[in-house]
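Chain by chain, the residues run as shown.
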Amino acid sequence: MDWSALHVSLTLAALTTLALLPVGLALARWLAVTAWAGRPVVEALLLLPLLLPPTVIGFYFLVAFGQGSALGAWLATSGIRLVFTLEGLLLVSVLVNLPFMVQPIQRAFAAVPHSLREAAWVSGLSTWQTFWRIELPLAWPGLLAGMALTVAHTLGEFGVVLMVGGNIEGETRTLSVSLYDKVQGMDLQSAHVMALALVGVSLLALTLVLAFDRVGQRGRALQER
Amino acid sequence: MQGLQVQLRSASPIRLEAEFDCGAGELVALVGPSGSGKTSMLRAIAGLWTPADVQGHIRVGGPAWLDTAAGVQLTPQQRRAGLVFQHYALFPHMTAQANVALAAGPGWTVADVQALLARLGLATLSQRRPSQLSGGQQQRVALARALVRVMPKPTVDDTPTPQALPGVLLLDEPFSAVDAPTRQTLYRELAALRQKVSVPMLLVTHDLGEARRLADRVVIVDAGQTLQTGEPARVFASPRNARVAELVGIQNHFEGRFFKDHAGWGRLRWTDAASSDTGLDLAVFDKNKIDDGTPVTWVLNGEQVDVMADGEAPSLAPLGHTRLRCQLLEVLSLGEISLCTLRPEALPSQTITLNLTSRLLQRLQVVSGGWVQLQIAPEALHIMPVRTK
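Chain order of the listed sequences is A and H.
Using the numbering used here, you'd call the opening residue of the first sequence number 139 and step up by one each time.
Using the numbering used here, you'd call the opening residue of the second sequence number 22 and step up by one each time.
Hints may contain errors.
[Unchecked claim] Label-pair ranges, simulated between beta-carbon atoms:
1. A/E181 with H/A244: 35 to 43 Å
2. H/A91 with A/I218: 50 to 58 Å
3. H/R150 with A/E225: 39 to 47 Å
4. H/R150 with A/L348: 18 to 26 Å
5. H/R150 with A/L344: 24 to 32 Å
6. H/S155 with A/P160: 38 to 46 Å
7. H/D42 with A/L156: 50 to 58 Å
8. H/P84 with A/A164: 32 to 40 Å
9. A/P275 with H/P54: 35 to 43 Å
10. H/S155 with A/V179: 41 to 49 Å
11. H/S197 with A/L334: 55 to 63 Å
12. A/L159 with H/R150: 24 to 32 Å
[As the list claims (entries may be wrong)] Now the stretches of chain A that chain H is said to cover, found in silico as 3 or more residues with beta-carbon under 8 Å:
13. 256-267
14. 270-283
Source of the hints: derived by calculation from the structure; they are not laboratory data.
In this text, a Cβ means the ideal position worked out from N, Cα and C, and glycines have one as well.
Produce the complete structure using the sequences and hints provided.
Right, dumping it as structure tokens:
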């Protein structure tokens with residue numbers, strides 16, 4: 139077992155989830171209620187990471203932030219290096235995980251009947267109070283599902299991590315990349331352990347997602363009565 | 022001064038021409054078919070819906086909640102509207118007590134909320150969530166939540182005089198989602214509530230019977246317009262125009278033409294839509310409101326029609342009464358009452374529907390296909406111009 143890789147993987151998953159939560163929450167709530175005509179475009183952009191090969195995302199990231207690019211060079215003068223660092227990995231990880239975080243939260247907010255918002259307003263609650271006291275408590279299963287999916291997907295990400303992170307031990311070598319190394323080195327014993335660990339974590343995350351989803355559905359069923 | 026005054030006008034997204042008022046302690050029902058705009062009017066009062074081009078005002082007591090001339094438009098939070106939603110819109114993650122407490126002002130304590138719930142028969146259910154309550158119980162929680170919104174202080178006590186409150190109570194088809202026995206109980210509770218709080222109450226309903234039973238006055242709404250306002254009995258007996266008559270479900274609604282006769286009397290010529298040559302004349306009062314020869318629609322109030330056996334009728338009708346020989350086409354027995362369809366001999370293209378007691382039919386010894394005499398008092402005929410604003 140590559141403990142330092144496990145550490146990198148868990149750190150990356152935790153930081154990605156934490157960084158993505160406020161962004162995803164704001165985006166999801168907005169998408170759930172907006173009547174803006176451009177909404178499908180935003181939704182398509184958010185879903186794009188699901189369809190694009192990870193190598194495409196990694197490639198554009200390198201083009202944008204590499205030493206050769208103006209942006210990369212400018213960042214380098216400020217002492218910020220994003221290519222082959224955990225910080226860079228975190229940034230790209232947030233991007234590719236957007237659909238995993240936003241989708242379940244958006245669905246949860248969309249399932250809150252608009253009449254409940256109106257009932258809160260006529261009861262004297264401001265828009266913010268309505269969000270905190272009514273919408274968020276009702277949408278929390280969606281939030282938990284989004285977080286679980288993000289953790290699981292980050293642990294399993296491979297292509298982007300390899301291209302952007304560059305397989306540096308203790309810094310950017312995650313469990314999935316380490317597994318690849320072990321197979322290359324014919325260390326199948328270690329590969330088995332890591333593969334099993336990844337299977338276990340993903341299965342746990344998916345089970346949680348489905349369980350939360352059921353809680354959410356029950357909540358929705360209540361509201362429709 | 023504590024009453025509600027509404028005057029709204031807008032062209033889009035839906036046409037709206039609403040004008041009505043509701044005194045403190047009065048219950049006014051907005052009645053109309055679905056899609057007529059009655060719920061939109063309610064939502065406009067609560068501040069949940071304001072068309073961009075709206076003109077007019079909404080006042081409660083003195084202050085304006087909306088006054089387009091003065092540029093006043095309060096948010097839903099600033100208005101004191103207690104709104105009972107059609108499906109109650111209770112917060113599913115909160116207990117009944119929390120649902121009510123959330124809408125209560127700073128003058129309310131938990132004990133006050135609990136006392137109000139107890140008054141509504143929810144004392145033992147206050148810690149339940151909406152999903153653990155029956156439809157009727159949910160409706161009472163929704164009513165409590167609306168009530169605390171219009172009551173700045175928790176003082177619904179047993180004083181004989183109802184208190185005047187600064188808000189309005191808005192009820193959006195509140196009885197549509199509960200079963201019939203529960204509805205009867207809720208009707209009684211609403212009546213009891215009116216003894217305690219003096220606040221304008223607006224009830225939106227498509228159920229005419231409900232409006233008739235609960236409301237002091239009804240406002241007939243159609244296509245975004247308030248067509249007629251008045252006491253239920255009056256609106257039902259004298260609809261202002263043909264559309265109102267249709268909306269309040271009046272049977273025996275016909276076309277014709279009004280002619281002036283000798284002093285104070287007129288002739289209503291009941292005509293056939295197909296040919297105006299055939300027709301029969303009915304004696305009516307001339308109230309000097311309708312010009313000679315005007316096309317009219319008119320309503321026959323079946324309760325003021327006497328039915329006699331064909332051979333039994335005296336040869337002369339009382340002064341001003343019209344005698345019509347009719348064939349009984351169909352008798353639908355509904356227990357005590359039978360729904361009878363009759364065809365006038367002189368105008369066979371038309372039919373009259375009367376609710377006759379089964380006892381009367383037995384006494385007349387008449388069955389389908391037989392003949393009877395109708396004696397129509399002039400009071401039974403209500404005449405309206407074909408189109409009025």
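Outcome of the hint check:
1. A/E181 with H/A244: 35 to 43 Å: holds, 37 Å
2. H/A91 with A/I218: 50 to 58 Å: At 56 Å between Cβs, range holds.
3. H/R150 with A/E225: 39 to 47 Å: For A/E225 against H/R150, whose Cβ atoms are near 46 Å apart, the range 39 to 47 Å holds.
4. H/R150 with A/L348: 18 to 26 Å: The hinted range 18 to 26 Å holds for H/R150 and A/L348, with Cβ atoms some 24 Å apart.
5. H/R150 with A/L344: 24 to 32 Å: holds, 29 Å
6. H/S155 with A/P160: 38 to 46 Å: At roughly 41 Å between Cβ atoms, A/P160 and H/S155 fall inside 38 to 46 Å, so the hint holds.
7. H/D42 with A/L156: 50 to 58 Å: holds, 57 Å
8. H/P84 with A/A164: 32 to 40 Å: holds, 37 Å
9. A/P275 with H/P54: 35 to 43 Å: Because 38 Å falls inside the window, the suggested range holds.
10. H/S155 with A/V179: 41 to 49 Å: holds, 46 Å
11. H/S197 with A/L334: 55 to 63 Å: Hint holds: Cβ distance 57 Å, inside 55 to 63 Å.
12. A/L159 with H/R150: 24 to 32 Å: Holds, at about 28 Å.
13. 256-267: holds (count 9)
14. 270-283: Since 4 is at least three, the answer is holds.
Going down the numbered hints, you'll see the structure goes against none, and every one checks out.
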